[in-house]
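K.L.:
Okay, here's what each chain looks like letter by letter:
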Amino acid sequence: MTKAIDKFMIKAAGLSKVVPSGAGQLVILHEIDLAVMAGEAVAIVGASGSGKSTLLGLLAGLDTPSVGSVHLNGADLFALDEDGRAALRARLLGFVFQSFQLLPALNALENVMLPLELAGTAGAAQLAESMLERVGLAERLGHYPKHLSGGEQQRVALARAFVMQPKLLLADEPTGNLDAATGAGVIDLMFALNAEAGTTLVLVTHDDAIARRCQRQIRLVGGRIVA
Amino acid sequence: MKPVLQRQNNLPLPLKMLQRDWRAGELRVLALALVIAVASVTSVGFFADRVWQALTREANQMLGADVLLLSDHPFAPELRDEAAKRGLAQVDGVSFVSMARAGDASQLSGVKAVSAGYPLRGKLRIAPRLNAEDAETDRVPPPGTVWLDERLSAALGVQPGDKIELGNTQLIFGAVLTLEPDRGLSFFNIAPRLLMRVEDLPATGLIQTGSRARYQLYVAGTRAAAEAYDRWAKPRLGAGQRIESLGNARPEVRSGLDRAQQFLGLSAMLAVILAAVAIALSTRRYTQRHLDGYAVMRCFGALQGRLFALFAWEFVLLGVAACAVGCILGYAGQAAIALWLTELVASSLPQPGFYPVLQGFAAGLLLLLGFALPPLLQLKNVPAIRVIRREVGAPRQSALAAYALGLAALAALLLWQAGEFKLGATVFGGFAAAFLLFWLVSLGALRLFALLGRTGSVSWRYGLANLRRRSRGNAVQIVALALGLTVLLLLTFIRGDLLEAWRTKLPQDAPNRFVVNIQPDQVAPLVQFLAQNGVVAPTSYPMVRARLTAINGRAVGADDYTDERARRQIDREFNLSFMQTIPPGNQVTAGRWFTPEDYAQGAVSVEVWIAERLGIELGDRLSFSGGGASIDVPVTSVRKLDWDSMRPNFFFVTTPKALTAFPASYMSTFRVLDDPLFTTRLTQAFPNLTVIDVSALMRQVNAMLDQVIRAVEFVFLFALVAGVLVLYAALLSTQDERRQEAALMRALGARRAQVAAAQRAEFFALGLVAGVLASAGATAIGYVLAERVFQFPWQFNIAIWIAGPLAGLACVALNAWLGGRAALNHPPMLALREGT
Chain A
0 MTKAIDKFMI KAAGLSKVVP SGAGQLVILH EIDLAVMAGE AVAIVGASGS GKSTLLGLLA
60 GLDTPSVGSV HLNGADLFAL DEDGRAALRA RLLGFVFQSF QLLPALNALE NVMLPLELAG
120 TAGAAQLAES MLERVGLAER LGHYPKHLSG GEQQRVALAR AFVMQPKLLL ADEPTGNLDA
180 ATGAGVIDLM FALNAEAGTT LVLVTHDDAI ARRCQRQIRL VGGRIVA
Chain B
0 MKPVLQRQNN LPLPLKMLQR DWRAGELRVL ALALVIAVAS VTSVGFFADR VWQALTREAN
60 QMLGADVLLL SDHPFAPELR DEAAKRGLAQ VDGVSFVSMA RAGDASQLSG VKAVSAGYPL
120 RGKLRIAPRL NAEDAETDRV PPPGTVWLDE RLSAALGVQP GDKIELGNTQ LIFGAVLTLE
180 PDRGLSFFNI APRLLMRVED LPATGLIQTG SRARYQLYVA GTRAAAEAYD RWAKPRLGAG
240 QRIESLGNAR PEVRSGLDRA QQFLGLSAML AVILAAVAIA LSTRRYTQRH LDGYAVMRCF
300 GALQGRLFAL FAWEFVLLGV AACAVGCILG YAGQAAIALW LTELVASSLP QPGFYPVLQG
360 FAAGLLLLLG FALPPLLQLK NVPAIRVIRR EVGAPRQSAL AAYALGLAAL AALLLWQAGE
420 FKLGATVFGG FAAAFLLFWL VSLGALRLFA LLGRTGSVSW RYGLANLRRR SRGNAVQIVA
480 LALGLTVLLL LTFIRGDLLE AWRTKLPQDA PNRFVVNIQP DQVAPLVQFL AQNGVVAPTS
540 YPMVRARLTA INGRAVGADD YTDERARRQI DREFNLSFMQ TIPPGNQVTA GRWFTPEDYA
600 QGAVSVEVWI AERLGIELGD RLSFSGGGAS IDVPVTSVRK LDWDSMRPNF FFVTTPKALT
660 AFPASYMSTF RVLDDPLFTT RLTQAFPNLT VIDVSALMRQ VNAMLDQVIR AVEFVFLFAL
720 VAGVLVLYAA LLSTQDERRQ EAALMRALGA RRAQVAAAQR AEFFALGLVA GVLASAGATA
780 IGYVLAERVF QFPWQFNIAI WIAGPLAGLA CVALNAWLGG RAALNHPPML ALREGT
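Chains as they are written, first to last, in numbering that gives the first Met the number 0: chain A, 0 to 226; chain B, 0 to 835.
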């Protein structure tokens, strides 16, 4: 039994999200069942408004479902309270966002140090620096987000995600704000880091080319899984 | 190791966050606002604690002591023992009236016998002979010697070295006494002075049981000990004994000091209110800019409690640092003032205590708690999902609920700072009302402008539509701008009016000599004498001494009153005067001034303080008797006196004919310019007159006033800086949003000129509304302060109504130029990327 649970990094069952909307109820996600194996790379694809980002938010425990459950690495996510879910995220999860979400008041190094500092990890500066070297930004440590290009900002975000050595990386349209060439570079880097660390990857994208680089694709249409 | 890495230190995380936010410029306005608030509170605290103490001590010279006990019989030993036990210095005095003789000449003199050490505060001045230069002395007459004032030596025709007979003994005239610091205590019944040693008193045989003598016990020491002794002694005084304080000695000095304290308190309060607004605005902006960062950190798994603790610690550290800087600034400020004051305060200034530092820290941290905590708590409610869906923010809270804590903290601070309920409540209530009114008016005005913006150019329509669309943010900005401008207008226009009105209450040409005991047949010759001596326009008042014997036909005496001051007053003869027109500086508060009917039938006007003490009401009939005559007249008016005026003031004024049966004398007041021999010539020409020189007292009051006004203006500077800070914070508060919008408009193809014009339309409306509100606010507050608090006549100032809107427009124009230019020059791509 334990072994079976260990095999799955994510197991979602009957996951629905319904929100009140004008006249009645708007169903964003409809009874999603989903399992992602440890070390697997899965792409969630679909058009805008298909519910991709909502699903990602639920898988991370950033939002709560109307019905259904999510188990992360064997832990029942929604049996935990808000702080319990945060503690679980701290142990397991790394994030990459479409809009980078770097803190503007912090330079590149400090942005990467932040999760380490919040977790009270010793030697944060050295760890962050070597991670930034790994993403090719060794010369940009002291630069602030506003002085970095979009591609550079996303690489800082990748360094920030991988510096915590997460078991699961959730990426929400990581190339959505980048041009094609820069986006391709970022994706190459992300897959390389992922392979090195053996991290499970769940990637939300509407780009089929990127999705094809994952082992599996889950397509959402109108809040339902169609393939 | 790379330099960037080297700079990463091992400080605790809140300190690191503080360092990073500071570097990013996120906290500067907040920190500066705190520094200003704390500096103004501490500097006023230091004034109160140090300079004020010195000024009071200076004023205590007029008592000759810190505490002066008076008695009609010798003091019990326990009063002396207690003073000694508390480490207080004490000297004795005995005063009585007796005949002094020299050869054939004799003169009724006011004898004062003192022990060594008199006076404990202030200095005696003596001259070696008549009309010679005088100098301060630390001594008192040696045993066997007396010092006479120039009037007494002139009347007796004696020179230092001559013998003076007093009672059964002979004493040597040692020196001419030119100044006694505590002489100003009583204007009337001053016989020429003879100062002697208390040790010589038994030999005169003048003090027997039942003699009419007044005993003084002068006590002085540290402020705390003197105050404690005062409190201890008060309930232990018997009949015929009292403690003289500055308040009942010279009301004009007391009222000046009180008003100065109000001014100081008020200016510190303005700084505190403005700082509170600046803190609220800048924390709000800080919170807005940290919503994403907070959500990201939640996403990383940081626990809510830990994150809140981190931010709270960051703010506490900032608060403590800002308070420390504020205290240092406050200390430096008061040290500068203390340097100026050394001219005035001859005695060394007491060292400032630690209390103002505590006061400053308490004020700073209370402001931070009240105005920074609510927005920070809002941060706690930001959901982590915001990292994916940016439109999700913290749940909205009503402004009142958010700042209830802040308003309570501010009210407490203001009451504490004002030191009195009325002033504190007036200022807080005034600003709270202004805040509410400004808020409502600005929302209304924004709607109106939005209606106006339905036609016109695209930029004009878009700019004015923004007013309505962003009405909450714009209303906050208008209210903050209006508050900042209100205070700036108050400080630039009203402050001048208030201080000027106060200054002119003590006219520079106020009379400096009071002459009493002028007989009716001397009035004309005296006027002639004064004219010959270059004195112009003396004012004369008739004076009748009479006792109040009955109210409404019922006999009154000391036994009818419990109030000690009432008992004392009723036992004494009052100085009544009679006149047709109301004396200058007097104001009828109830009833009416004399009518022709009153002139025929006789009537009396009563001063409000004595009326309250003695239980006299409008319409009561008062009976006076004295010099073998008596009258019974109705009270037709109650008057308030102007104690700042340095004019003679009368508790009772009757219609002219009412007092014809009484023996009257006159008193005259006039101004003498530098003429040291004037008094001698006057007393030689009119030996029976008593001349009182109040120029020293007036100099003291004026000098004190000037210095205090400088101190007040200095503290006003803090409020001024705080006002500018509020303006800056208000303008910053919407800058991010505007930049974002400008970028969007340009990305959609708007020309720079179109974007600029849209912003101008919006700013024009904001500036105009804020400016007009500020003019109204400053006028209203100025009116209340003048009429209700400081009791000066209020004058409408048109300049405020021109300056307010102009300043409002200038502020937003500057902002449009700085912020708007930045928005326009900011590459749209960058702005949009930062904002996504």
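In short, the hints are calculated from the structure, not lab data.
Certain hints may be false.
[Unchecked claim] Listed below are several chain B residues computed to face chain A (Cβ distance under 7 Å; list not exhaustive):
#	residue
1	LEU12
2	PRO13
3	ARG19
4	VAL197
5	GLU198
6	ALA202
7	GLY300
8	ALA301
9	LEU302
All values reported here derive from a predicted model rather than from experimental measurement.
Virtual Cβ for every residue (Gly too), placed ideally from N, Cα, C.
K.L.:
None of the hints should be skipped; say for each whether it holds.
P.N.:
Results of checking the hints against the structure:
A distance limit of 7 Å between C-beta atoms decides the matter here; for B/LEU12 the minimum to chain A is near 5 Å, and the interface restraint holds. Evaluation of the B/PRO13 hint against chain A yields a violated restraint, the C-beta minimum of about 11 Å exceeding 7 Å. At its closest, the beta carbon of B/ARG19 sits 6 Å from a beta carbon of chain A; the interface hint therefore holds under the 7 Å criterion. Because the closest C-beta pair between B/VAL197 and chain A is about 77 Å apart, greater than 7 Å, the hint is violated.
Annotation: interface hint on B/GLU198 violated; nearest CB of chain A at approximately 80 Å, more than 7 Å. A distance limit of 7 Å between C-beta atoms decides the matter here; for B/ALA202 the minimum to chain A is near 88 Å, and the interface restraint is violated. Annotation: interface hint on B/GLY300 holds; nearest CB of chain A at approximately 3 Å, less than 7 Å. Given hint, B/ALA301 at the interface with chain A, holds; its Cβ is 5 Å from that chain's nearest Cβ, closer than 7 Å.
Hint status for B/LEU302 relative to chain A: holds, with the closest Cβ pair at about 5 Å, below 7 Å.
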